[in-house]
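There are 2 protein chains.
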Amino acid sequence: MSSRAEFLKRLEDWGAALTNSILKLQEPVMEIPARTLSNTIWDEKARMLRLGPEKLQRRFLDMKEARRFMQTVLMLRLIVEAIREDVYPTIRDLYYNGKHTIVFKDPLGRTHRENTWDEQAESNAVIEDIEVAANVLREEMGVSADVKGKIVGPIVVRSQGYELDASKFGETALSLPVNVDALEIVKVEATYVLVVEKDAIFQRLVREKFWSQENAILVTAKGMPDRATRRFIRRLNEEYKLPVYVLTDGDPYGWYIYSVYKSGSIKLSYESERLATPDAKFLGLTATDIDAYKISDNYVIAANDRDIKRAQELLRYPWFQKPEWTREVNLFLRKKKKVEIEALSTHGLKFLHDYLRDKIRGRKFID
Amino acid sequence: MSSRAEFLKRLEDWGAALTNSILKLQEPVMEIPARTLSNTIWDEKARMLRLGPEKLQRRFLDMKEARRFMQTVLMLRLIVEAIREDVYPTIRDLYYNGKHTIVFKDPLGRTHRENTWDEQAESNAVIEDIEVAANVLREEMGVSADVKGKIVGPIVVRSQGYELDASKFGETALSLPVNVDALEIVKVEATYVLVVEKDAIFQRLVREKFWSQENAILVTAKGMPDRATRRFIRRLNEEYKLPVYVLTDGDPYGWYIYSVYKSGSIKLSYESERLATPDAKFLGLTATDIDAYKISDNYVIAANDRDIKRAQELLRYPWFQKPEWTREVNLFLRKKKKVEIEALSTHGLKFLHDYLRDKIRGRKFID
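Chains as they are written, first to last, in the numbering used here: chain A, 1 to 367; chain B, 1 to 367.
Next comes chain A alone, as it looks inside the complex (with noise of 0.2 angstroms):
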């Protein structure tokens, strides 16, 4: 684990080669990855997307470059200045810290305001180009968001040198920190990690002591993961060999959430390498469960625009093409029915147990 110390050189180190290009007289240029949907590549052996090798030169003087060649060492500065003083910004932060309205006279003497980005996905999306140009993550950086994930089960970890053991929580839980590579796990006795999309099934399965009698890891990120909790769930896997298996609705969104868990989203393919689980099962609803497991029909729900759409999607994701998966999305798309978890209570609360165990124990899940 490297020291914020280290990065910080990292990043000291590309402003200086920027520097010292201009102190030559040299046109400063900067060498981005390419963070777009085609330089994005499904890597079949690894089973996860990632960042192809093509590269962006962001040149100081090409006026399309200009722009974001300002927002890139601007947000370098911005970071930079937070490491050395040892504060910890959110993206936000960062947005906020750096906007401002640059004003300037061309050489006819005219004067033109410029602001230094008008919406935080600008400033989103140069954090972005820092981290894979300079091979440092925002986690690393220092720079927050917003962490939604939180643990119970038989896992001790130990954060800033307090022990804290995930099975001594009772009725409450651990929430997990923005960067979880700090987090030191000291040791682990669970048999797999179960992985819930949604809170309040989260919080039943903690209640009825699921996880115990089981003997799992229960984690939630509720609904679309952030990067917090699916680097965790990849640490467990990776480092424990811990089955993982992800709980989510049966319906196109809750199977997208279960691809970004396992091969990555397209937005990060760059951080696949650290936050896929690529041996992740999939444990939720599937078109073929509504007569499978006998659901009524008062809990099947007409699918919507949206849901027919992303299915659409689904089927031409390469990570998607697997004879189960395509099945499944057809079968969908021919039904246009969808269920969600709570469904399962078409047959009693305590079904959901003897589900999860079914499809566990029987392998009934999805790869």
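In case anyone wonders, no lab produced these hints; they're calculated from the structure. Ideal Cβ placement from N, Cα and C applies to all residues, glycine included. Please note that the accuracy of each hint is not assured.
A partial selection of chain A residues facing chain B, derived with a Cβ cut-off under 7 angstroms [stated by the list, open to error]:
| hint | residue |
| --- | --- |
| 1 | P89 |
| 2 | T90 |
| 3 | D93 |
| 4 | D146 |
| 5 | K150 |
| 6 | Y162 |
| 7 | A173 |
| 8 | P177 |
| 9 | V178 |
| 10 | A200 |
| 11 | Q203 |
| 12 | N298 |
| 13 | Y299 |
| 14 | E342 |
| 15 | A343 |
| 16 | L349 |
Take the given structure of chain A and dock chain B to it, following the hints.
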């Protein structure tokens, strides 16, 4: 602290009374406090929203009431069953669990089909009816919903026998349970409670060790607070006399969030007595602060129509009828400008600490 079994008794007694009416060939009637805006009262002395004295009679033989009567009895049955089976349904589980189609014939032999309920809003409303009518809270019935609150700071709690010292969490945090009344507060050594609207700001204050420098308990509920978080803060204020400060964005939504912590919400006014913290002080940004803290124009955002509408609503609420608030809301309506907490980094990222200390030490908060 009563046990779930005692609450079960209360619900069973209610069901038994209804059955007795029927067995005596009398019309079963329920008496339920009206949860309407007109029956929501601003209790100036207690400084909180309360449910007024108005009660509704829900009669089985009234065509307009029969459906809601059926829904109430159905939900009562589902909850009683859950307690007997020792399961912890979510409000969504209960919605699904009770949703089915009733098929019946009218006196002319025609077949009718009626759904028990169509939307979760209907089943949620019935749960709230049962809460007020039986004087048993959802949490006490073991019915769960999402929990958003997390805490760190000098406080030790006990959950199901496990002691958790929230000052020893490093960069992680303690997630609150669904039922915080079952959480025993073992020891509190804090000077005050700081409630932070935004999760990312909470993370920053944790990592920058603000809470340990200040000896404060930090809490966040990520936006509009859930019941568990509000109840926990109320307990800290009531049982340990801790001052409570609420840090929100400087916009009408942030001010309303503060008022929910302090005075209660319209929707759950029957719960204020347990959830509201009338002593809570507003530590967030006001319209005046934009000038007072010399916030640069780059950080100031133009208010949109929703902001304006919400500000006008605030002016109509009796619990905003204080000179400090009407002045601020009117200033906002004149300037039509808002700011977020992150705007304080106008003076550097550490300025948030100075701002908080300045407002607390200088008693510059609004009561």
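Consistency of the hints with the structure:
At about 5 angstroms, the closest approach between the beta carbon of P89(A) and any beta carbon in chain B falls short of 7 angstroms, and the interface hint on this residue holds. At its closest, the beta carbon of T90(A) sits 4 angstroms from a beta carbon of chain B; the interface hint therefore holds under the 7 angstroms criterion. Restraint check, D93(A) versus chain B: the minimum CB separation of about 5 angstroms is within 7 angstroms; hint holds. The criterion of a C-beta within 7 angstroms of any C-beta in chain B is met by D146(A), whose closest approach is roughly 4 angstroms, and the hint holds.
Annotation: interface hint on K150(A) holds; nearest CB of chain B at approximately 5 angstroms, less than 7 angstroms. With a cut of 7 angstroms, the hint placing Y162(A) at the interface with chain B holds, because the nearest CB-to-CB distance is about 4 angstroms. Nearest Cβ of chain B to the Cβ of A173(A): about 4 angstroms, under the 7 angstroms cut. The hint holds. Restraint check, P177(A) versus chain B: the minimum CB separation of about 4 angstroms is within 7 angstroms; hint holds.
A least Cβ separation of about 5 angstroms between V178(A) and chain B falls short of the 7 angstroms threshold, and the interface hint therefore holds. For A200(A), the interface hint holds, since its Cβ comes within 7 angstroms of a Cβ in chain B; the closest pair sits about 4 angstroms apart. Hint on Q203(A) holds. Least Cβ distance to chain B is approximately 5 angstroms, under the 7 angstroms limit. Proximity of N298(A) to chain B holds as hinted, the smallest CB-CB distance being about 5 angstroms (cut-off 7 angstroms).
Annotation: interface hint on Y299(A) holds; nearest CB of chain B at approximately 5 angstroms, less than 7 angstroms. Because the closest C-beta pair between E342(A) and chain B is about 5 angstroms apart, less than 7 angstroms, the hint holds. A least Cβ separation of about 6 angstroms between A343(A) and chain B falls short of the 7 angstroms threshold, and the interface hint therefore holds. Annotation: interface hint on L349(A) holds; nearest CB of chain B at approximately 4 angstroms, less than 7 angstroms.
Every hint from the earlier list agrees with this structure, and none is contradicted.
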